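Asker: Fit chain A to the supplied structure of chain Y, relying on the hints for placement.
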Amino acid sequence: AQSVTQPDIHITVSEGASLELRCNYSYGATPYLFWYVQSPGQGLQLLLKYFSGDTLVQGIKGFEAEFKRSQSSFNLRKPSVHWSDAAEYFCAVGRVTGTASKLTFGTGTRLQVTL
Amino acid sequence: DGGITQSPKYLFRKEGQNVTLSCEQNLNHDAMYWYRQDPGQGLRLIYYSQIVNDFQKGDIAEGYSVSREKKESFPLTVTSAQKNPTAFYLCASSMSLRGHRPTDTQYFGPGTRLTVL
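Chains as they are written, first to last, in our numbering: chain Y, 1 to 115; chain A, 116 to 232.
Isolated chain Y, as found in the complex (with noise of 0.2 angstroms):
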């Protein structure tokens, strides 16, 4: 079965410090991979996706993220965090059931930026 692990619950950063949040899948096939943001009491606003193609996925608000099939991994990076990306952040991998596609999500990592 698939599933999507994010290792850090919560992650404390400075503004204008360089971020990486992490994310682990587990998927047999070809993984479809996204990134969402949460503001506190809000739904979710997607960040960017990887599907094929260059393994390295431009996105929002000046975020990033690597895909490594070898690592099991798609980590979301920014250069240097703004007070405004505090927040929860979600990674989430697509997948295909019979007819139907759904999305896994990991447990979130929660942001917070620190003046």
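FYI, nobody ran anything at the bench for these hints, they're computed from the structure. Computed from a predicted structure; not experimentally measured. Idealized CB from N, CA, C, for every residue including glycine. Each statement offered as a hint is correct.
Within a straight-line C-alpha distance of at most 27 angstroms, the following computed DSSO-like cross-link-like pairs (lysine-lysine) qualify:
1) A:K172 - A:K129
2) Y:K49 - A:K172
3) A:K198 - A:K129
4) A:K124 - A:K186
5) Y:K61 - Y:K49
6) A:K186 - Y:K49
If you want a taste of the chain A side facing chain Y, the calculated C-beta under 7 angstroms gives, among others:
7) L158
8) T220
9) F223
Answerer: Frame of chain Y, contents of chain A only:
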């Protein structure tokens, strides 16, 4: 503006009562989903619908029911059979599940926080 609306934002109900959460989208999407979010557990799929008048159980469907009478609407009923209904509920939609397109982006509504007293 196109998007997904969920109402109400906060909902309080007494234990043993059924409650229906609304989800409407004007994105002309075929597929719609309901997720439940609990602290530290990420999002778990309750039900999804690929097309009008059709829906499928997700991973945690027990104690929930849905209908899909219109393309724009996918209401979720939390029944008294749901043992622990207090949670944050998120509705999402995507263009189409047909044709095996797992790359379709799911767009999320703002969520409804249900508290059962």
